[in-house]
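**Student:** Given chain X's structure and the hints, the job is docking chain P onto it.
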Amino acid sequence: MNRDTLASILVGLLCASALLSVWLSVRWFFSVRELQQLQVHAAQVNNSRAAAQSLANEALAYSRKNPAMETLLQEFNLRQKEGSTNQTPANSVTK
Amino acid sequence: MDFSSTNPSGSSPAVETRATENLVRNFDRLHFLFVAVTAALLLLSLGANLFIGQQMRLVRMQLPAQRDAVIRLSLEFQKRDEPVVRNFVARLQDFAASNADFDLVLEQYRPPLGVYFRSGTAKPVGSIPQAPATNSPWPKSKAAK
Chain X
1 MNRDTLASIL VGLLCASALL SVWLSVRWFF SVRELQQLQV HAAQVNNSRA
51 AAQSLANEAL AYSRKNPAME TLLQEFNLRQ KEGSTNQTPA NSVTK
Chain P
1 MDFSSTNPSG SSPAVETRAT ENLVRNFDRL HFLFVAVTAA LLLLSLGANL
51 FIGQQMRLVR MQLPAQRDAV IRLSLEFQKR DEPVVRNFVA RLQDFAASNA
101 DFDLVLEQYR PPLGVYFRSG TAKPVGSIPQ APATNSPWPK SKAAK
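Residue numbers (my numbering), protein chains in the order written: chain X, 1 to 95; chain P, 1 to 145.
Extracted from the complex, chain X is given alone in its bound form (with noise of 0.2 Å):
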């Protein structure tokens, strides 16, 4: 094989490899894009169950103080009724 057929062999070999790398690296970097907005909108949901969680417990706590409450946490089944059994507090508003 002539040396100079060599040489642009390689040179084209190497232009391929090059094209070949951007390609990979744009489909990567959309991909991890995608996957990382699919997990802060997970954490999203997640944080709003949290947060809606949270703001019962505080419910439960207030009524503790304020007997006024109790009707409102019983509509949302975060309080037992009077008489009835076997229910959780604080995990019907999310579950």
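Hints in this document: simulated from the structure, not taken from any laboratory. Not one of these hints is a red herring.
Stretch by stretch, here's where chain P covers chain X in the computed footprint (C-beta under 8 Å, at least three residues):
1. 2 to 16
2. 19 to 26
3. 29 to 39
4. 51 to 63
5. 68 to 79
Label-pair distances were calculated between CB atoms; the ranges are:
6. A65/P to S25/X: 18 to 26 Å
7. G53/P to V11/X: 18 to 26 Å
8. V24/P to C15/X: 24 to 32 Å
9. V11/X to P111/P: 54 to 62 Å
10. W23/X to Q66/P: 19 to 27 Å
11. G47/P to V32/X: 18 to 26 Å
12. L13/X to K79/P: 51 to 59 Å
13. A50/X to R91/P: 16 to 24 Å
14. F27/P to G12/X: 19 to 27 Å
15. A68/X to V84/P: 16 to 24 Å
C-beta: ideal position from N, C-alpha, C; glycine also.
**Tutor:** Positioned in the frame of chain X, the structure of chain P alone reads:
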């Protein structure tokens, strides 16, 4: 004096031959270096491609499962929890309207749950401003698919 045999450059043929040989040797060396560097770069590039391809494959393997899980989570939250939370917050706002001490508690939850707060409620002076409705963490178009 005979000038026909003299070299126009002023050097003898032996010196010229030596210079040409030197030039050829240098060219060969440079050519070899060029090929070697190109081959090394090619190997490096192939290694990088292999690594990026592997990483991309890993991410793309996770992606469908993650996408399904997040859409399911989001839809489930929208259908089951969101109406309850919205209703619960609305009732708490009604309650807080007549119980100012609870309003302080409720206002702490305005930043994380701002989208569920009704905007028409009278707020005490110095309260935290309500988050705009556009801050909803659940894009309707995506989750509704």
